[in-house]
Amino acid sequence: MTKIIVPIGPQHPLLKEPVSFQLTVEGEHVTESAMRLGYVHRGIERLCQERTYVQNIHLLERICGICSHVHTTTFCQGVEALLGVKLPSRALYLRALLCELERIHSHLLWLGVLALNIGFDTIFMYAWRDREVVLDIMEDLSGGRVSHAVNIVGGVRFDLTDDRRVTLLRQLNGLEEQVRILLGVVEHEQTLQARTRNVGRLSLEQIRRYCVVGPVARASGLDVDLRRDMPRPPYDGLTFQVPVRQEGDVWARTLVRMLETVESVHLCRQMLDLLPPGPVSTRVSRRVPAGEVVSRTEAPRGEVVYYIRSDGSDKPARVKVRTPTLTNLITLPSQLENVNMADVSVVLSGVDLCIACADR
Amino acid sequence: MNRLLRQLHLFEEIFSAFQAAFPDDPLTVQAMPIDETFVTLAPEHIHEACEILVERFDFYHLSTITGLDTGAAVELFYHFWNAYGITLRTALPYTALRIATLTDFIPGAAFYERELYTMLGVVFEGHVNLQPLLQPDDWDGSHPLRKT
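Protein chains in written order, with our numbering: chain A, 110 to 469; chain B, 26 to 173.
So here's chain A without its partners, still in its complex pose (with noise of 0.2 Å):
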């Protein structure tokens, strides 16, 4: 059969990023594939070595524009680390808050984008509805709803009142009603799964070695979360399940994401009724001493890492970053293959791509 070169992207319906694709198709098949990255790419890590510390925190919070909190979290975990600070409870609680926030918003977000692609607008509607609530929440915590700046070296810039509490735990409980109406659409809706089930199907032994991080790995049996594997203050204290599925295919990838909405919303209840009183942050110094330093988190997407060194100025002497959609990416020519072309976009927004994520 004759072999065709289906170029898709830079600039595509998709997804909002540009990222380019170039599939050969034999028939309705896709029997290669290959990517091109770099659209995007806006050299935030040579950046960050001509900014002070402070600085770098506006900046790194600007490498995604939905997780952004667990980047600045990542990054001041590690600078604390070199300076040796420990930081209050309770910026630690408001901290984690936030990015249990951040992660519902990502993963409603994404069920969005999932339903719009396989032509299912009554789901991407009700998501994106109830997203609002979290960036409604959001806002009215840091000000911002996709770029909060609250993080700071040494602690967190916002705090709670009591009488926010309990609105925030009112809303929560709406959010989780929510929830859990979407996670049953996508427990027993059967459009959903006829698209879904058995597609970009990952084994275990893949997920192992293309070191597949996240949601996608716990799709495919693969029992990682950094929350519970490193623990970590407040992690360490609060309960909550980590969903794993075995199926290894984009509806058990949803699956995971859904129920993982639900556990953040009730880390969030929890977090709330433990709060511990006192100061959100704590003055540190601005030069940090020389030092490296290696900091992981658990984002929406999976592991982030941040590696600093720094040589004892205000500004670092180098800053890496790993995002998980970077190595996410790499298992899309092996879940492409034999695809369907109709079933490419199922695909594609399966692996919840951040294409800003992975060119930085």
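Since the hints were derived computationally from the structure, they do not count as laboratory data. One thing to keep in mind: the hints can contain errors.
For lysine to aspartate or glutamate, the following EDC-like pairs were computed, each having C-alpha atoms within a straight-line distance of at most 20 Å [to be verified]: (1) B:Lys172 to B:Asp94; (2) B:Lys172 to A:Glu154; (3) B:Lys172 to A:Glu159.
Sample of chain A residues with no beta-carbon within 12 Å of chain B, all distances over it, derived [as the list claims (entries may be wrong)]: (4) Asp245; (5) Glu372; (6) Arg378; (7) Val455.
For glycine and all other residues, C-beta sits at the position ideal for the given N, C-alpha and C.
Place chain B on chain A using the hints.
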């Protein structure tokens, strides 16, 4: 506390395995903050050390490879993870910026190596597709993170 003890025990085992495999390498070990351990090795031992970590100690997850130009050499950091972090570090002189690829047993390393090739000009020998990863089509071949 148990976790810390387990970590110490595991790293003692790893360190003795490295010592047995590379008797002439002056290995150094550093405990770093946030559950991380750094082990310094000679560049020619990196491939085998990574194999020991993956095959014998099940550190299946290569988080990333960091490259860094210190002005005197190019340092590479191989960050592994399995409940604890372990980083193998090595330094390449400017005259020999080459090292064996890990993609033969960790295919997930392909993008990290391509990125380092683009950013620092380190050549990974045996990599099946060592193309620039993030640079534009009219890339002039210079390496943005190099100091010289």
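Worksheet item: Are all C-beta atoms of chain B more than 12 Å from that of A:Arg378?
Response: Answer for A:Arg378: holds, closest chain B Cβ roughly 27 Å.
Worksheet item: Does A:Val455 really sit off the interface, with its C-beta more than 12 Å from all C-beta atoms of chain B?
Response: With a cut-off of 12 Å, A:Val455 remains clear of chain B, as the shortest Cβ separation is near 23 Å.
Worksheet item: Are all beta-carbon distances from A:Glu372 to chain B longer than 12 Å?
Response: holds (20 Å)
Discussion item. Given the hinted pair B:Lys172 and A:Glu159, is their Cα-Cα distance within 20 Å?
Written reply: Holds. B:Lys172 to A:Glu159 sits at ~13 Å (cutoff 20 Å).
Item to complete: Quickly compare the C-alpha distance for B:Lys172 and A:Glu154 to 20 Å and report which way the hint goes.
Response: Holds: B:Lys172 and A:Glu154 sit about 14 Å apart, inside 20 Å.
Fill in: Beyond 12 Å from each Cβ of chain B, as asserted for A:Asp245
Since the minimum Cβ distance to chain B is about 33 Å, A:Asp245 lies beyond 12 Å and the statement holds.
Item to complete: Decide if the proposed pair is consistent with the structure: B:Lys172 and B:Asp94, CA atoms, cutoff 20 Å inclusive.
Response: Holds, at about 6 Å.
In terms of the numbered hints stated before, the structure departs from none.
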